[in-house]
Amino acid sequence: MSVVFQKTKGLTDKQTHYCPGCTHGIIHRLVAEVLEELDVLGETIGVAPVGCSVLAYEYFNCDMQEASHGRAPAVATGIKRVHPDKVVFTYQGDGDLASIGTAEIVHVAHRGEKITTIFVNNAIYGMTGGQMAPTTLIGQKATTAPLGRTVEHSGMPLQVSEMLSTIHGAAFVERVSVDSPANIRKAKKAIKEAFECQLAGKGFSIVEVLSTCPTNWGLTPIDALKWLQDNLIPYYPVGNFRRPEEVK
136 MSVVFQKTKG
146 LTDKQTHYCP
156 GCTHGIIHRL
166 VAEVLEELDV
176 LGETIGVAPV
186 GCSVLAYEYF
196 NCDMQEASHG
206 RAPAVATGIK
216 RVHPDKVVFT
226 YQGDGDLASI
236 GTAEIVHVAH
246 RGEKITTIFV
256 NNAIYGMTGG
266 QMAPTTLIGQ
276 KATTAPLGRT
286 VEHSGMPLQV
296 SEMLSTIHGA
306 AFVERVSVDS
316 PANIRKAKKA
326 IKEAFECQLA
336 GKGFSIVEVL
346 STCPTNWGLT
356 PIDALKWLQD
366 NLIPYYPVGN
376 FRRPEEVK
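Letter by letter, the sequence shown follows residues 136 to 383 in the working numbering.
FYI, nobody ran anything at the bench for these hints, they're computed from the structure.
There may be inaccurate statements among the hints.
Unchecked claim - For each label pair, taking beta carbons as the anchor points, the in silico distance ranges come out as: (1) E287 <-> D148: 44 to 52 angstroms; (2) K149 <-> R216: 27 to 35 angstroms; (3) S289 <-> L334: 33 to 41 angstroms.
Nothing here was measured: the structure is a model prediction, and the numbers come from that model.
Positions of the beta carbon are idealized from the N, C-alpha and C atoms, including for glycine.
With the sequences and hints as input, model every part of the structure.
Quick look at the structure:
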């Protein structure tokens with residue numbers, strides 16, 4: 136009998152701790168499949184963040200390093216400079232990357248470090264209980280914004296991909312979503328391009344992935360996917376913002 140679907144070698148057999156309906160598992164699989172297909176699992180070093188994916192080092196079947204909150208890009212920079220022949224990536228949430236780690240991600244892009252970042256944006260702090268994040272939408276409620284985020288109090292939500300796409304050292308910037316099978320396929324394509332950009336030595340690459348947080352959004356997994364489609368995508372449009380050939 137022919138095999139039409141099987142578990143990727145890029146993931147361990149460890150059962151994940153994510154909440155029901157959380158799409159971190161899908162994103163993990165996409166990254167793992169890409170690393171396996173590019174035949175670089177044995178040459179890859181990933182950097183895990185502080186946040187819901189803090190235990191990513193137990194799930195990816197490659198060498199992993201834990202980093203302090205927001206510091207994954209700095210840690211990855213050190214690893215890549217010591218081991219330039221390795222494939223190095225960070226896996227970060229919006230609280231980790233777009234708040235305490237904003238300076239880190241901006242400057243790693245500015246320097247054009249040859250690493251890849253997988254940026255998971257669910258517009259809220261997940262692990263710590265649903266506080267407002269830099270990416271939380273206007274009107275969206277959170278434990279620290281019970282009446283909803285306002286422009287007057289917190290400013291507009293931070294659009295990370297748009298911001299990084301203006302930086303010369305950022306060679307590949309794309310935003311994707313994992314809300315449907317079609318978008319999941321597109322997400323995998325973008326993740327593969329991002330790693331290929333690193334392998335070609337073109338510069339910094341990042342893929343922002345719009346994800347769900349049913350628990351802290353207070354929604355069922357199915358309703359959370361619909362909420363992502365109706366609310367996140369209009370403000371965070373999916374698409375490519377920068378490719379290596381655009382870097383002069």
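Checklist entry - Among the hints numbered above, which are violated by the structure, and what are their numbers in rising order? => result Violated hints: none; all satisfied.
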